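K.L.:
Sequence:
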Amino acid sequence: MIARMSDQQQAAELSDPEDRKLVTLARSARARNGVAEGAAVRDETGRTYVAGTVALESLRLSALQTAVAMAVASGAKSLEAAAVVTEAEAASDADRAAVRDLGGPAVPVITAAPDGSIRAQVVAG
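With the numbering used here applied, the sequence shown covers 4 to 128.
Simulated from the structure, these hints should not be mistaken for laboratory data.
Careful: at least some of the hints might be erroneous.
Pair by pair, the computed Cβ-Cβ distance ranges are [stated by the list, open to error]: (1) Glu92 with Thr48: 30 to 36 Å; (2) Val38 with Gly107: 25 to 31 Å; (3) Lys80 with Arg35: 27 to 33 Å.
All figures in this text were calculated on a predicted structure; none of them were measured in a lab.
Beta carbons: idealized from backbone N, C-alpha and C, even for Gly.
Please build the complete structure, drawing on both the sequences and the hints.
P.N.:
Written out as structure tokens, the structure is:
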């Protein structure tokens, strides 16, 4: 179930500096590359991976799928958290599945608007 967070819940979620960092990195990737979405994930060691949407004729990946792929390619064994900055209200099923495949069903997936405001936080599972 995807639920919209109250202002109080949003403020509480943003108080975690590591989660705020993921949203900031995702916003930066989106803005810097001029892509539809930016995403960032944090692995089990605290390393972060940042990516934007890949929209090639022969390859299409969301920003979150790309960030997960970068983590896997770099040797990550699991994920602690993920964030995506998008116009969408919540992370897609495919995005949550990619996070779940690497990190498991309990990994939080934060969706933020382009201005950084939190729209939703769900678990990958």
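K.L.:
Would you list, in rising numerical order, the hints stated earlier that this structure does not obey?
P.N.:
Hint check: nothing fails, all pass.
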